[in-house]
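A.B. asks: Sequence:
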Amino acid sequence: MIVFNESSHSYTHLESGNNLNGWTTLIKKYTQPFDMDTQLVLSAYSMFLGKEYTNLKFGKFKNSKPEVFLDFLQTEFPDLPQNFIKELQYEWGYSAIRGSEFHSFLENKTIEQGFDINPFTDEKYLTINIAKDYDNQSLKENLFDLEDGYYPELLVWDYSMGESCSPVTMIDRCYIKTINNVRFVDVGDYKTNKSIWNGKDRKMSGVLSNFYDNTEDKYKLQVCFGAKLLSTFGFTPRFCGFSHYKNYNEKNVKLYLAKYDAELMDAFQKDWRGF
49 MIVFNESSHS YTHLESGNNL NGWTTLIKKY TQPFDMDTQL VLSAYSMFLG
99 KEYTNLKFGK FKNSKPEVFL DFLQTEFPDL PQNFIKELQY EWGYSAIRGS
149 EFHSFLENKT IEQGFDINPF TDEKYLTINI AKDYDNQSLK ENLFDLEDGY
199 YPELLVWDYS MGESCSPVTM IDRCYIKTIN NVRFVDVGDY KTNKSIWNGK
249 DRKMSGVLSN FYDNTEDKYK LQVCFGAKLL STFGFTPRFC GFSHYKNYNE
299 KNVKLYLAKY DAELMDAFQK DWRGF
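So in the working numbering, spot 201 of the sequence shown is number 249, and the numbers just go up one at a time.
Just so you know, not all the hints are guaranteed correct.
[As the list claims (entries may be wrong)] The calculated lysine to aspartate or glutamate pairs, modelled on EDC-like cross-linking and capped at a C-alpha distance of 20 Å, are:
| hint | residue 1 | residue 2 |
| --- | --- | --- |
| 1 | Lys105 | Asp249 |
| 2 | Lys77 | Asp196 |
| 3 | Lys225 | Glu201 |
| 4 | Lys266 | Glu201 |
| 5 | Lys266 | Glu311 |
| 6 | Lys113 | Asp261 |
| 7 | Lys242 | Glu264 |
| 8 | Lys134 | Asp83 |
| 9 | Lys299 | Glu171 |
| 10 | Lys76 | Asp249 |
| 11 | Lys225 | Asp83 |
| 12 | Lys302 | Glu171 |
| 13 | Lys108 | Glu264 |
| 14 | Lys76 | Asp196 |
| 15 | Lys294 | Glu155 |
| 16 | Lys239 | Glu155 |
| 17 | Lys180 | Asp196 |
[To be verified] Per label pair, the in silico range of CB-to-CB distance:
| hint | residue 1 | residue 2 | range |
| --- | --- | --- | --- |
| 18 | Asp119 | Gln185 | 45 to 53 Å |
| 19 | Ser55 | Thr284 | 31 to 39 Å |
| 20 | Gly107 | Lys180 | 50 to 58 Å |
Treat the hints as calculated values from the structure; they're not laboratory data. Glycine included, each C-beta is placed from N, C-alpha and C at the ideal position.
Please model the complete structure; the sequences and the hints are all you need to start from.
C.D. replies: And the structure:
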């Protein structure tokens with residue numbers, strides 16, 4: 049059995065004791081490192097300088113690394129008021145808490161009402177809520193045995209690799225439907241970022257080099273990754289995408305569709321099997 053620990057945000061295979069890689073660990077192999085401290089100060093400068101910051105970022109420093117841009121700003125504008133940094137630290141911490149709470153609200157709502165509306169087809173799916181002994185866990189040895197319906201927070205892995213060494217992820221919204229003996233899955237995620245960054249200043253690497261190293265492409269790849277894992281059990285991916293809720297308002301939502309590319313996902317799988 050694979051179990052998920054919420055406090056440490058870690059996955060473990062109980063029988064072997066192996067710690068398993070989740071999506072965040074996997075995608076880091078294809079993207080540039082994210083320096084939280086650097087980004088914090090850059091964001092503070094954005095608040096401090098306003099339009100002047102925007103003109104510099106998308107002008108002279110459009111293709112520069114964040115640390116190069118930051119070095120310039122600290123040289124040219126050394127008197128950054130510290131209250132901007134403190135305000136952002138509070139805002140980011142608060143956003144993480146609010147995002148988690150809103151995510152739980154949406155999930156619990158579908159459990160309490162007993163159904164969810166598939167955002168891709170507008171069909172009503174009955175919620176399948178299976179009791180768990182851990183924060184989250186693998187529901188069956190073979191997920192193909194799951195009945196049709198909607199599954200919140202479905203933990204999935206690469207069936208061809210076995211539970212003890214496979215990469216793992218959790219699918220916020222998984223919809224299973226059998227049509228003419230074909231078991232289709234639709235995969236969706238909840239996102240509550242202030243905005244979905246889609247900058248095109250850098251690309252990912254390796255088999256994912258056609259994708260931009262930005263938030264939108266990472267989120268699209270994340271749902272396709274979940275769909276690929278389900279395909280290893282025999283499911284057929286149909287629709288993938290994520291729903292962005294602005295200001296934690298369930299009525300202010302935008303659906304971002306992701307194209308599932310089976311050939312690309314096969315190449316991606318060959319890569320992760322080697323890690």
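A.B. asks: All hints are to be evaluated individually against the structure, with a verdict given for each.
C.D. replies: Hint check:
1. Between the alpha carbons of Lys105 and Asp249 the distance comes to roughly 11 Å, so the proposed pair stays at or under 20 Å and holds.
2. Our distance criterion of 20 Å between C-alpha atoms is broken by Lys77 and Asp196, whose separation comes to about 34 Å.
3. For the hint linking Lys225 to Glu201, the alpha-carbon distance of about 17 Å falls within 20 Å, and the restraint holds.
4. Between Lys266 and Glu201 the CA atoms are separated by roughly 19 Å; this keeps the pair inside 20 Å, and the hint holds.
5. Only pairs whose Cα atoms come within 20 Å are accepted, and Lys266 paired with Glu311 is accepted, the gap being roughly 18 Å.
6. Distance check on the hinted pair: Lys113 and Asp261 sit about 13 Å apart at the alpha-carbon level, within 20 Å; holds.
7. With a CA separation close to 13 Å, the supplied pair Lys242 and Glu264 stays within the 20 Å bound.
8. The straight-line distance between the Cα atoms of Lys134 and Asp83 is roughly 17 Å, inside the 20 Å bound, and the hint therefore holds.
9. Under the criterion of a C-alpha separation no larger than 20 Å, the hint pairing Lys299 with Glu171 is consistent with the structure, at around 18 Å.
10. Note on Lys76 and Asp249: the hinted pairing holds, with a Cα-Cα distance of about 17 Å set against a maximum of 20 Å.
11. For the given pair, Lys225 sits about 41 Å from Asp83 by alpha-carbon distance, which is inconsistent with the 20 Å threshold.
12. For the suggested pair Lys302 and Glu171, the alpha carbons sit about 17 Å apart, so the restraint of at most 20 Å is met.
13. Annotation: proposed proximity of Lys108 to Glu264 is violated, straight-line Cα distance about 24 Å (limit 20 Å).
14. With a CA separation close to 33 Å, the supplied pair Lys76 and Asp196 exceeds the 20 Å bound.
15. For a cut-off of 20 Å, the pair hint linking Lys294 to Glu155 stands: about 17 Å separates their Cα positions.
16. For the suggested pair Lys239 and Glu155, the alpha carbons sit about 13 Å apart, so the restraint of at most 20 Å is met.
17. Among the hinted pairs, Lys180 with Asp196 is consistent with the structure: their alpha-carbon atoms are about 19 Å apart, no more than 20 Å.
18. A hinted range of 45 to 53 Å for the beta carbons of Asp119 and Gln185 is consistent with their spacing of about 47 Å.
19. As the Cβ distance of Ser55 to Thr284 is approximately 36 Å, the hint placing it in 31 to 39 Å holds.
20. Between Gly107 and Lys180 the Cβ separation comes to about 52 Å, which falls inside the hinted range of 50 to 58 Å.
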